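Colleague: We have chain S already, so just place chain G on it with the hints.
Keeping their order, the protein sequence lines are chains S and G. Those letters in the first sequence? Residues 0 to 313, by numbering that gives the first Met the number 0. Those letters in the second sequence? Residues 0 to 300, by numbering that gives the first Met the number 0.
Bear in mind the hints are in silico, worked out from the structure with no lab data behind them. A few of these clues could be false.
Derived CB-CB ranges, DEER-like [stated by the list, open to error]:
| hint | chain 1 | residue 1 | chain 2 | residue 2 | range |
| --- | --- | --- | --- | --- | --- |
| 1 | G | 146 | S | 223 | 56 to 62 Å |
| 2 | G | 65 | S | 218 | 55 to 61 Å |
| 3 | S | 300 | G | 52 | 20 to 26 Å |
| 4 | G | 148 | S | 46 | 24 to 30 Å |
| 5 | S | 136 | G | 203 | 55 to 61 Å |
| 6 | S | 255 | G | 32 | 22 to 28 Å |
| 7 | S | 97 | G | 22 | 45 to 51 Å |
Interface residues of chain G toward chain S, partial, derived using beta-carbon atoms under 8 Å [said to hold, decoys possible]:
| hint | residue |
| --- | --- |
| 8 | 39 |
| 9 | 45 |
| 10 | 68 |
| 11 | 98 |
| 12 | 122 |
| 13 | 133 |
| 14 | 152 |
| 15 | 154 |
| 16 | 178 |
| 17 | 188 |
Dumping the calculated DSSO-like pairs for lysine-lysine here, alpha-carbon to alpha-carbon at most 30 Å [what the hints assert, rightly or not]:
| hint | chain 1 | residue 1 | chain 2 | residue 2 |
| --- | --- | --- | --- | --- |
| 18 | G | 110 | S | 229 |
| 19 | G | 295 | S | 174 |
| 20 | G | 41 | S | 174 |
| 21 | S | 174 | S | 199 |
Computed from a predicted model, the values in this text were never measured in an experiment. Virtual Cβ for every residue (Gly too), placed ideally from N, Cα, C.
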Amino acid sequence: MSAPVLDPVRAVEPEHRPGRAARAQRTTPARFDTALGWSDRPGLAPALRILLCATALAIFAAPFLTIFSGALSTNPSGSSLSFLPHHPTLLNIRVAGERGIWDYFTNSLVIAGGGLLLQLVVSVLAAYALARHRFRGQALVLTLFMLTMMLPEEVIAIPLSLVLGHVPVVGLDLKGTVWAVILPLGAWGFSIMLLTEFMKDIPTEIEEAARIDGVGEFRLLWQVVLPLCKPALGVAGVLGFIMIWDQYLLPLIAAKDPTDYTVTVALSILRTDPEVGSGVVLAGAVIALIPSLIVYLLLQRSLVTGIAAGATKG
Amino acid sequence: MTATVTAPTRRRGFNKKAALPWLFLAPGLLLALVFKFVPMGKGIWLSFFKVRPFLGDKWVGLDNYTRVLGDHRFQDAVGHTLVLGIGISLGAIVLGFLLALLLEGQTRSLKIVRTAVFLPVVTATAVVGELWRLLYYPTGDGLVNNALGFLGIGPVSFLDNPNTALWATMAMGIWIWAPYNMVILLAGLAGVDRSLYEAAAMDGVSLWQRLRHITLPAIRPALGIVLTLAAIRGLRIFTEVYVLTGGGPAGSTEVWMTRAYTLGFTRNDIGGASAASVVLLCVTLLLTVTVNYFRKRGDVR
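Extracted from the complex, chain S is given alone in its bound form (with noise of 0.2 Å):
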């Protein structure tokens, strides 16, 4: 299994950015530059783009002007249901805010911080040794990290719940708090494959220089492996973030009682409360949602070159 399913490899080296394609642009005609064809002269076609691109906004990105409305209207079951709320009201979010949302919502930053630097250090670490050390049993440990991927949470939940409920050796029942979450998520594959290609590329001139000043390993990984790694550090946290703020069997299994929910699972609290209407779910998804939404704007190109990374080597 030397070709992992998701391996993180080519795009994200940084001279790949201008490629080919950029370069192309500047020197052909623009209807040579994708693969339709598409002029940028008026006519026909562009106004069929046109067309087609505000269908794609209206099905992708109108819906979740919905669910900010909803959130801001009074009663958004069905009749009111729309792109601008009616009544604009804070009420909702005050509601969401009585059934404990903040406490979820801090339960959610809490272990997507968490998790997040714990798969950071974890995965740099290893990464480090798989790039720059040679070891006997390496090409074990890439395996191993390997077949981590292709072991989600849904598919060893039940045996995952009891092992959260007494670790092995140590004997500690994890659940119900938030290391029943965060630790589960550490050795994430993705991310320790991303940054051990990416290091793997970087020269070994520097660090052979500071070897023969006596600089020790850790300080060598700090100090001069690290601050070259921070593409590669920017996309595995964005994609880590987006992975970990996505987690739902998990905050599920690890939970003792529902006060141990994150907020994306505590949206379902809400939604089978009697006493509250849709609009306070709506409120409480609005909250789960905005964390990722910033993320996603602010560290937008090293997500999508994460994800095209997955996409350029088999």
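Modeller: Chain G in isolation, oriented as in the chain S frame:
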């Protein structure tokens, strides 16, 4: 574990520190061991037992497997999983390819459209589920029903009707994954040699032939990856179904993993749930290995 294989200049002082890489690997290996491989092993182990909390586990051999695999609800669930997996994969690839063709380009406005279209991918599945419950609102006021109203189709209660719930779930799955595929395919499209398009134009080649003979062969690797990812994802679909329908109504959207979840956590049939998960794991592994094998063989030009 001597470091005789290492190059002498690069790894000075490494001989003393043969354990060093293992020190760096320790956190990752430890976490993977405790939270991935131990549960996996435990799952395989438990699948051969009748799990009884206070009486001790009882060895039952392949009993769990025959019981679960013979259960018609589980068979239905596998059927739904296949329908959903194939439908979502193909739908998302076709739609993602169309989106990529439509939105390929470097202008600022196209980038903004791409950013907006990509939103479903970054949104947590639970939020997407709430959003689609809203879109599928069963009266004429619901957004989808509103649109259908224009076509003269009466309000459909998508999620409450066993005949429509599975298709409604499939539509949501396609909606989530089409933009994801779009990004991968856009990366593939960016790698197509522009001079080929120019040459094709000079030869007076039709748009269809151009797509068929230049674009498609060039993005074949990207398509292969998209398909592999989609197939594996499709088998273990859980959250999408769990948040949208919970497997209902009347089990019409029950899939492999929601069934295993119900067995394990609601019915307390840990052995049966483990057996269901182990079979899923084996199928996933088999599928991955097979696809990777064929892809690698295809790559050897």
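Colleague: None of the hints should be skipped; say for each whether it holds.
Modeller: Hint check results:
1. G:146 with S:223: 56 to 62 Å: Holds, at about 57 Å.
2. G:65 with S:218: 55 to 61 Å: Cβ of residue 65 of chain G to Cβ of residue 218 of chain S: about 59 Å, so the range 55 to 61 Å holds.
3. S:300 with G:52: 20 to 26 Å: Taking Cβ atoms as reference, residue 300 of chain S and residue 52 of chain G lie about 51 Å apart, which means the hint is violated.
4. G:148 with S:46: 24 to 30 Å: 27 Å, holds
5. S:136 with G:203: 55 to 61 Å: For residue 203 of chain G against residue 136 of chain S, whose Cβ atoms are near 59 Å apart, the range 55 to 61 Å holds.
6. S:255 with G:32: 22 to 28 Å: At 24 Å between Cβs, range holds.
7. S:97 with G:22: 45 to 51 Å: With Cβ atoms ~49 Å apart, the hint holds.
8. 39: With Cβ-Cβ at 6 Å, under 8 Å, it holds.
9. 45: Holds - the Cβ of residue 45 of chain G comes within 8 Å of chain S, reaching about 6 Å at its closest.
10. 68: 17 Å, violated
11. 98: 6 Å, holds
12. 122: 6 Å, holds
13. 133: Holds - the Cβ of residue 133 of chain G comes within 8 Å of chain S, reaching about 6 Å at its closest.
14. 152: 18 Å, violated
15. 154: 10 Å, violated
16. 178: Since chain S brings a Cβ to about 6 Å from residue 178 of chain G, closer than 8 Å, the hint holds.
17. 188: OK, holds: residue 188 of chain G within 8 Å of chain S, min 6 Å.
18. G:110 with S:229: At roughly 24 Å apart (the allowed maximum being 30 Å), residue 229 of chain S and residue 110 of chain G satisfy the hint.
19. G:295 with S:174: Cα-Cα ~42 Å, so violated.
20. G:41 with S:174: 18 Å, holds
21. S:174 with S:199: Not OK: residue 174 of chain S and residue 199 of chain S at ~38 Å, beyond 30 Å, violated.
In summary, the numbered hints that this structure violates are 3, 10, 14, 15, 19 and 21.
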